[in-house]
Amino acid sequence: MKLRMIGCSHHTTPVEIREKFSFTEQQVEGALNLLRDQYSDCESVLLSTCNRVELYVGASTEVDLPTTSQLIQFVTDFHQLAPQAYEEHFARLDGEDAIEHLFSVSSSIDSLVVGESQIASQVHEAYEQAVKQGFAGPAMHAVFQHANRVAKRVGHETEIHTRRISVPSVAVSEMARDVFERFDDKKVLVIGSGEMGRETLPYLMNEGAKSITIVNRSLENAQKLAEEFGVRSEPWDRLDANVISADLIVSTTGATEPIITESRFRKLQTARNNRMLVILDLAVPRDFEASIGRLPYVYLYSVDDLQVVCNRNRTFREQQLPKAKRIIKEEVERIVSDWKIRASGDTIRALRDRAAEIRTSELSRLFGKQALQNASPEVQQEIEHAFDRLVNKILHQPLQSIRDVSQNEQRDSLVSALRWLFKIR
Amino acid sequence: MPNATCFLIAYSVVFVLELARWRIPSTGKIGWWTRVILVAAASVSLFTHTLYLLDRIFLATSGTNSTWAISWHDWGILSAWTLAVAYGWLLIRRSENWIGIFVLPFVLMLVGVAIILSPKTLGSANSATGWRLLHGIAMMGGTMLVSLGFAMATMYFLQAWRLKNKLTSRSRFQLPSLEYSQSYGRICLLGSAASIGFGMVSGVIMNLTRDGRVEWLDRGILFSAGLFVWLVIASAIQWQLSRRGSGDATAWMNILSFLIVAAAVALVLSTPHGGNKMFGPSDEGQTSVNRDLLIEASSSEGKNP
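Same order as they appear, the protein sequences are chains B and G.
Each residue of the first sequence is one higher than the one before, counting from 1 in our numbering.
Each residue of the second sequence is one higher than the one before, counting from 1001 in our numbering.
These aren't lab readings, by the way, just hints derived from the structure by calculation.
Treat the hints with care, since some could be wrong.
[Claimed, not checked] Using C-beta positions, here's what the derived DEER-type ranges look like: (1) G/ALA1040 - B/ASP64: 51 to 61 Å; (2) G/PHE1058 - B/GLU330: 54 to 64 Å; (3) G/PHE1058 - B/SER245: 54 to 64 Å.
[What the hints assert, rightly or not] Listed below are the simulated DMTMM-like cross-link pairs for lysine to aspartate or glutamate, each with C-alpha atoms no more than 20 Å apart in a straight line: (4) G/LYS1164 - B/GLU128; (5) B/LYS20 - B/GLU87; (6) G/LYS1166 - B/GLU96; (7) B/LYS187 - B/GLU228; (8) G/LYS1166 - B/GLU289; (9) B/LYS132 - B/ASP41; (10) B/LYS325 - B/GLU96; (11) B/LYS2 - B/GLU62; (12) B/LYS323 - B/ASP110; (13) G/LYS1166 - B/GLU174; (14) G/LYS1164 - B/GLU228; (15) G/LYS1164 - B/GLU174; (16) G/LYS1164 - B/ASP304; (17) G/LYS1166 - B/ASP304; (18) B/LYS325 - B/ASP41; (19) G/LYS1164 - B/GLU257.
Note that the Cβ used here is the ideal one computed from N, Cα and C, for glycine as well.
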């Protein structure tokens, strides 16, 4: 089985170029249909995400497979771009290299953010789409199903997915989780309705937070965000009251000065009866004066504090790379070895079929002769057995040789020689 | 039948495994296998411990139909067993947390002390009635809860320190959340007050039904009563301070309670309540409540009367 891949990713191609080659779901189907029209015996899967566009093609023989230049030509033509101008941005991989790359992609070790969990499902979805539309065949089934297993193995045997690396996720799922056991009975206050607030809300809800209030200078924006997530919004003048009742504060405003100074907070904290409070100050410049974090029972984290954790977690994930690569290498060897064993099995079967064919035709020619037409069934059976033994003895040694070398490099040349000598396609 | 050294070694292995988690990844296949091995080792330890305890119970009840002959050794073994059960429960419920290193030292210490103490019962004289047994179990339960509360308080302060220093615990040294340590610390504190209170009441009833009087001025009784009063006050203080927002109140009360229990046990053991004399129906009239209180209190500290 043969496999080939062309594609561009965040490693070598800037986003301005990548976006020119990206495919929508509808475009994927159209493109693969077009590819099948041009190369009918070729299987294909097209993976298009925000960080990569990759086209995988497979076939049982090399001749059925389009060349990398033809594939680049195809992609550029589809997007009505000149191939010469973009050729350099495309990676070209064949055989084991293409398989290894696919396994690396699905295991997320090739991702911009190592260990991100989305890519495995994106690879699976691309394969599913190809299966559904009939673009995938034995080669694609084998590599993409194996890629799925490799991603799971890497996930289980390494800690590549364990540490969170985005500021909102670290803020909620690590810092706040270290203080609170549960969030469904906590009052959460989100100050500001900016992008960071929007990104943090799903994590809060995912942790089970039920009582979330958004306070923003513009009530309209707060209401819009609150409606989007099904939470409450309150006007800016209710800020102090909400700080007093909150257990967890996420602050994300664009204010140029701290909105809560230490002196203001001290008064609020007295009104709060010094209850434990977690403040995730995700705003730059900061919304809470840093000295507030020194007060008892207040756990204040700024973006920088959280970024330190993110970086540490990122480094930790990257430390898992050698182990993940080792797993991928093992899996590539396994799938290639399986393919080779299967290929030698096909050759052996074809050779036996050819020999059986010759035996049958020679026997019918022999039994058609006058002298043997009246031979007793015992004699006929003896002749058939003699032919069987002859065929088996002739084939035994070459077939044994193939089996013996099925795990090493000689196998390919031996199988090719056999196919060539006996004219097996 | 296993002997106490057997499960002391088993618990030591569990403790070493807990310590080894510092260097072993907490997630992935390795983390999963570590937890499986840890649970298996803890189960084996607890199983052998339980077998030994059942054997001791069989021995204690084999003398007469209505009395139990219990030694200091037995109280030590039973105390360690209750803490080991608590550890096993925490290990299953929160296997990702490093709770074992805070609880297992108590288990090891109690088993170690029990080994030092003679397993021989104090003859037929050391018999106990139903009330005495209830009294002993309640006092021992209270002491164990105070020890568990101390472990929770230690975890609380360690976690609070880490959070103040912006150190996330999603590492190999994971501790329970502040809220968890605080709420279980509170349960331990209230539970220990209730248990010691019940122990006091059952001790009084035991004395009244047997002797018709209680020697209130016995130092052992006074220290035990002082301990109970302290636990009630500590529970009230932590409740009041928690309402006012002091998150550390429960943890401080747990630490103080542990220190006071340790001191009370030491003081009780220094009195005649410590049971320097053999117990028996013939001399129970003198200091029976005192001696009983001492049995359970000292069982956690392991002093031989």
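List of violated hint numbers, smallest to largest:
Violated: hints 4, 6, 14, 18 and 19.
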